[in-house]
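Engineer: Residue numbers (this note's numbering), protein chains in the order written: chain A, 1 to 265; chain B, 266 to 415; chain C, 416 to 679.
Be aware that a few hints might be false.
Unchecked claim - The calculated lysine-lysine pairs, modelled on DSS-like cross-linking and capped at a C-alpha distance of 30 Å, are:
| id | chain 1 | residue 1 | chain 2 | residue 2 |
| --- | --- | --- | --- | --- |
| 1 | C | Lys470 | C | Lys446 |
| 2 | C | Lys444 | A | Lys145 |
| 3 | C | Lys470 | A | Lys145 |
| 4 | A | Lys46 | B | Lys269 |
| 5 | A | Lys145 | B | Lys322 |
| 6 | C | Lys496 | C | Lys444 |
| 7 | A | Lys205 | B | Lys322 |
| 8 | B | Lys348 | A | Lys205 |
| 9 | A | Lys46 | C | Lys496 |
Read the hints as simulated data drawn from the structure, not as lab findings.
Here is how the chains run, residue by residue.
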Amino acid sequence: MMVKALVNRVRFIGNGMLNISAGVGRAAWFFIHVLSWGSGFKAPFKRLLQQVYQLGVLSLPIVLVAGLFVGMVLALQGYHILVGYGSQEAVGQMVALSLLREFGPVVTALLFAGRAGSALTAEIGLMKATEQLSAMEIMGVDPFKRIMAPRLWGGVITLPILTVMFSVLGIYGGAFVAVEVLGIYDGSYWANMQNSVEFNEDVVKGVVKSLVFAVVVTWLAIFHGWNATPTSQGISRATTATVVQASLAVLALDFILTAVMLGGF
Amino acid sequence: MTSKNLEISVGAFVLAGILALVVLALNVSGLSYRADDQSYYLFARFENLAGLSERAKISLSGVTIGRVVSITLDTEDYVAVVKMAIDKDVPLTTDTSASILTAGLLGEKYIGLSVGADDELLINADEIEDTQSSIVLEELIGQFLFSRSE
Amino acid sequence: MENFAELVDLSFSRDGRLILDHISLQIPKGKVTAILGPSGTGKTTLLRLISGQLKPDSGDVIVDGLSVPSLSRNDLFTLRKRLSLLFQTGALFTDMSVFENVAFSLREHTRLPEHMIRDLVLLRLQSVGLRGAAHHMPSELSGGMARRVALARSLALDPELIMYDEPFTGQDPISMAVLVKLIRNVNDLLSLTSVLVSHDVEEALSIADQVYVLSHGRLIGEGTPEHVRQTDSPELKQFLFGHVDGPVSFHYPSKPLAQEVLPL
Chain A
1 MMVKALVNRV
11 RFIGNGMLNI
21 SAGVGRAAWF
31 FIHVLSWGSG
41 FKAPFKRLLQ
51 QVYQLGVLSL
61 PIVLVAGLFV
71 GMVLALQGYH
81 ILVGYGSQEA
91 VGQMVALSLL
101 REFGPVVTAL
111 LFAGRAGSAL
121 TAEIGLMKAT
131 EQLSAMEIMG
141 VDPFKRIMAP
151 RLWGGVITLP
161 ILTVMFSVLG
171 IYGGAFVAVE
181 VLGIYDGSYW
191 ANMQNSVEFN
201 EDVVKGVVKS
211 LVFAVVVTWL
221 AIFHGWNATP
231 TSQGISRATT
241 ATVVQASLAV
251 LALDFILTAV
261 MLGGF
Chain B
266 MTSKNLEISV
276 GAFVLAGILA
286 LVVLALNVSG
296 LSYRADDQSY
306 YLFARFENLA
316 GLSERAKISL
326 SGVTIGRVVS
336 ITLDTEDYVA
346 VVKMAIDKDV
356 PLTTDTSASI
366 LTAGLLGEKY
376 IGLSVGADDE
386 LLINADEIED
396 TQSSIVLEEL
406 IGQFLFSRSE
Chain C
416 MENFAELVDL
426 SFSRDGRLIL
436 DHISLQIPKG
446 KVTAILGPSG
456 TGKTTLLRLI
466 SGQLKPDSGD
476 VIVDGLSVPS
486 LSRNDLFTLR
496 KRLSLLFQTG
506 ALFTDMSVFE
516 NVAFSLREHT
526 RLPEHMIRDL
536 VLLRLQSVGL
546 RGAAHHMPSE
556 LSGGMARRVA
566 LARSLALDPE
576 LIMYDEPFTG
586 QDPISMAVLV
596 KLIRNVNDLL
606 SLTSVLVSHD
616 VEEALSIADQ
626 VYVLSHGRLI
636 GEGTPEHVRQ
646 TDSPELKQFL
656 FGHVDGPVSF
666 HYPSKPLAQE
676 VLPL
């Protein structure tokens with residue numbers, strides 16, 4: 001009796017592993033397929049524009065507001081920590097470095113996963129549920145090229161732009177708090193920052209991170225939409241999976257990328 | 266959303282992104298347009314750098330006039346050799362002295378230059394003779410105790 | 416009588432369940448073929464096997480001389496330009512207008528100038544009676560209208576074979592009559608081959624030239640509508656004439672009533 005229960009448990013785990021493997025395999029094949037942007041369909045640029053609008057322009061409000069607040073909070077908290085060492089003049093560089101290296105790419109990616117990622121999954125899942133993707137296939141149009149690829153490229157272009165804007169707003173928001181509210185000398189805020197922020201080191205690496213995040217988040221969003229069971233429950237499950245997995249992936253990748261960038265593994 | 270509006274808003278979005286990047290480059294990271302041919306190089310040897318790093322600033326009378334380009338170890342004399350890039354429009358006399366100083370309480374090291382009274386000027390690839398190593402706290406205490414015990 | 420398509424000894428199973436069991440049937444050119452059967456017998460699966468969206472476990476699917484399961488992805492897409500499938504829900508693209516939906520295949524597969532596309536689209540919409548609705552969005556249409564637009568869309572590229580997946584299900588009598596008329600007219604006027612999958616017996620029989628009846632993965636009847644109506648098979652009779660009880664029993668298998676309800 002015990003043995004049977006044990007065997008069943010192992011079989012369950014084994015199945016789970018196989019399923020995960022199968023899932024990863026499907027996702028990988030999917031990714032390669034989506035990357036293709038072959039000939040045979042019209043006006044691809046217009047479609048890309050539409051996606052950049054949907055994913056990027058429409059995400060602006062949340063990203064800009066979030067950036068502003070994150071920057072302001074960083075300045076506030078940073079000031080109170082640094083003041084204990086008498087180094088409150090360094091708050092500028094603290095805000096800038098935190099934003100450019102970490103908060104900018106990560107928070108923007110998380111917001112993107114929640115807003116744009118879930119929208120993508122729901123949209124594609126719904127298309128699958130109402131058989132629009134099937135209809136397209138039967139009409140001889142590859143839904144990968146027409147629907148998926150523009151969305152993937154749209155995401156890859158959009159997220160780095162959003163990240164940069166997030167950081168800028170955060171830094172200026174921090175400046176406002178530091179200079180107007182906390183009384184730091186305007187010159188010190190910016191001078192200290194400029195002295196310690198390296199374009200190649202901090203800004204560029206932040207953008208590189210956001211590119212990696214963009215690929216992963218968008219790919220997961222599209223994949224889960226395409227893979228969803230065509231019922232309302234299925235779509236809701238898929239949307240949740242996108243947000244959860246994308247968020248975790250961003251955080252995990254952030255750690256790996258940071259380790260690589262700082263120490264060289 | 267008409268096609269025209271779509272193009273305009275996406276274009277604006279991308280332009281804003283580029284603008285943000287430019288702001289980051291200039292205002293935030295202080296990227297300057299100093300090309301390589303606007304600096305000349307000088308060397309200086311120090312016994313102890315104690316925390317001076319590459320890209321540390323070099324200042325004269327408090328004005329940043331250059332950056333540390335590279336740091337190497339001379340294995341014959343066992344001293345640190347610092348290569349510095351100085352702005353071309355800053356002339357330095359041959360008896361200029363270089364000291365490693367600490368900026369602020371957080372201990373960022375930089376090189377401070379002090380010009381002398383010589384007529385001759387340093388040229389590219391010259392070496393600054395008069396150098397003062399970084400002050401290491403332990404040595405200072407050691408000196409103090411030593412002199413005290415006398 | 417030439418066959419446009421043929422299923423040869425086809426078997427297909429999904430999740431371990433045998434859905435189609437060694438089925439052979441012929442789709443003659445230029446005629447309307449109806450495939451009837453209770454819900455869930457795999458009629459939709461049949462259509463997807465013909466269009467190559469599914470691969471059979473054994474047997475073959477031949478469309479215009481080509482063996483569908485062995486086509487490469489590109490060849491398959493080329494073949495599909497000559498086929499059309501009308502989905503049960505119409506499956507219109509919700510982010511495009513009616514006009515754009517019908518114009519879809521024309522834009523994707525041809526390089527016709529815009530004014531020609533416009534004329535073709537309007538003509539197609541005219542043939543299904545919806546030319547005036549060209550600027551509506553799919554969400555603004557009723558179910559019946561959506562299906563008619565989908566029909567116009569399927570006809571846009573002048574296909575050779577058109578397949579209808581449960582076209583009559585859930586339609587009011589007027590829409591039903593319209594669809595029935597359209598399917599027959601379109602087939603004759605455009606010299607198409609039509610395959611119609613349904614469980615609405617009377618409607619399907621009224622326009623079909625040839626009928627196949629599927630049940631539990633096997634064919635239980637085939638022939639012309641008249642032939643099939645005069646069948647002796649109890650299974651077939653029950654389905655065709657809607658008898659409540661027969662080979663497909665009314666009661667789910669259970670113990671005798673007396674045992675369960677009355678005290679022992």
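Engineer: Run through the hints listed earlier and report the numbers of any the structure violates, in increasing order.
Structural biologist: Violated hints (numbers, rising): 2, 5; every other hint is consistent with the structure.
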